[in-house]
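Enquirer: Make the full structure from the sequences, and use the hints.
If you're matching them up, the sequences are chains A and B in order.
Just so we're aligned: the first sequence equals residues 1 to 243 in this note's numbering.
Just so we're aligned: the second sequence equals residues 1 to 98 in this note's numbering.
If you're looking for bench data, these hints aren't it; they were derived computationally from the structure.
The reader is advised that the hints may include incorrect statements.
[Said to hold, decoys possible] What the simulated footprint calls covered on chain B by chain A, stretch by stretch (three residues with Cβ under 8 Å from a Cβ of chain A suffice, anywhere in the stretch; the number is not a length):
| id | region |
| --- | --- |
| 1 | 1–13 |
| 2 | 18–24 |
| 3 | 46–53 |
| 4 | 67–75 |
| 5 | 80–90 |
Every residue gets a Cβ at the ideal spot worked out from N, C-alpha and C, and that includes glycine.
Residues per chain are reported as follows:
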Amino acid sequence: MSDAALSPAERSAIVRDSLAVGVATGAYGFGFGAVSVASGLSIAQTCVLSLLMFTGASQFALVGVVAAGGAPVSGAATALLLGTRNTLYGLRMAPLLRWRGWRRVAAAHVLIDESTAMGVTRETTEGTRLGFLTTGVSVFVLWNLATAVGAVAGDAVGDPRTFGLDAAVGAAFLALLWPRLRDRRNVLVAVLAAAVALAAVPVTPAGVPVLAAGGVALLVGILGKRHDPTEIPGRDDVAGRHP
Amino acid sequence: MWTAVLLAGVGCYLLKLAGLSLPERVLAHPTVERVADLIPVALLAALVAVQVFSSGPELRVDARVLGLGFAVVALLLRMPFLVVVVGAAVVAAGARLV
Chain A
1 MSDAALSPAE
11 RSAIVRDSLA
21 VGVATGAYGF
31 GFGAVSVASG
41 LSIAQTCVLS
51 LLMFTGASQF
61 ALVGVVAAGG
71 APVSGAATAL
81 LLGTRNTLYG
91 LRMAPLLRWR
101 GWRRVAAAHV
111 LIDESTAMGV
121 TRETTEGTRL
131 GFLTTGVSVF
141 VLWNLATAVG
151 AVAGDAVGDP
161 RTFGLDAAVG
171 AAFLALLWPR
181 LRDRRNVLVA
191 VLAAAVALAA
201 VPVTPAGVPV
211 LAAGGVALLV
221 GILGKRHDPT
231 EIPGRDDVAG
241 RHP
Chain B
1 MWTAVLLAGV
11 GCYLLKLAGL
21 SLPERVLAHP
31 TVERVADLIP
41 VALLAALVAV
51 QVFSSGPELR
61 VDARVLGLGF
71 AVVALLLRMP
81 FLVVVVGAAV
91 VAAGARLV
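Expert: Set out below in structure tokens:
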């Protein structure tokens, strides 16, 4: 990491790549908006989630648990557990971004998978900040616009099954999980977690199976011996970067 | 519902801010780091399973499985996220029409 200034060509390359991710990820917000109102949240609640929570996996998790008939508090707990991922990203990004005071308070809001992925591998502080901020802000603006449009459209559609929106949510979670499945231990944990959750479905209230599956992570993490570095998404792991 | 939305929303922001504010050694313990890495894997896998194979308190296999199958193929082919998600919806909706 150096303080060297970026050339105009480097700057525009980072901005271009970051905006591509912003557009691709932002468009995804349409799906969230539609799924959220289909799950029983109001248009206002849906938009507040995108504005305030602003971390896709947690948002989908909250509405997914509620759609399955789970208590809102189970949905909130699942969302918060998934949100701990961003804490890890923050710990990694803090020394690279080197922001303090109000800049750090503001930057925290756009600390998500995509902005981390597009910022973390840069060679200079300026490059990290530019990639992080361009991605974070463009995703934020487009994600919120798309959420609002999706929520209004979803409200008009009515039954989510008509357009296969219920299947779309499963696919969305799988797409988020996919980059983490390159690791064999993660595949094992994923399979175990899915099995635990399904086994719990008939015998526990909705929302609990997913939280119970979190126990698999706890168990394997405590029993495991391997020392591995924090998993940070790479530039190829986010929407808009696929060839 | 509003309480859950606001609490989880503010909570998720505070988790982000904590990451940017805490010293890095907080997560230096290997067990904490392993668990923290595995939580998203376990939760996302469980969410996929519950979303696709359950309907209320019962397990059920229906058109959603075909949607998931499409998603797997699309991800193997490194298709964009949007294609994966929209394609899964279209496949499931199409299967219900047949």
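Enquirer: Could you run down the list of hints and mark each one as holding or not?
Expert: Comparing the hints with the structure gives:
1. 1–13: holds (count 13)
2. 18–24: holds (count 6)
3. 46–53: Holds: 8 residues of the region 46–53 of chain B have a Cβ under 8 Å from chain A.
4. 67–75: holds (count 6)
5. 80–90: Contact hint for the region 80–90 of chain B vs chain A: holds, 10 residues under 8 Å.
Comparing the model with each earlier hint shows no violations; every hint is respected.
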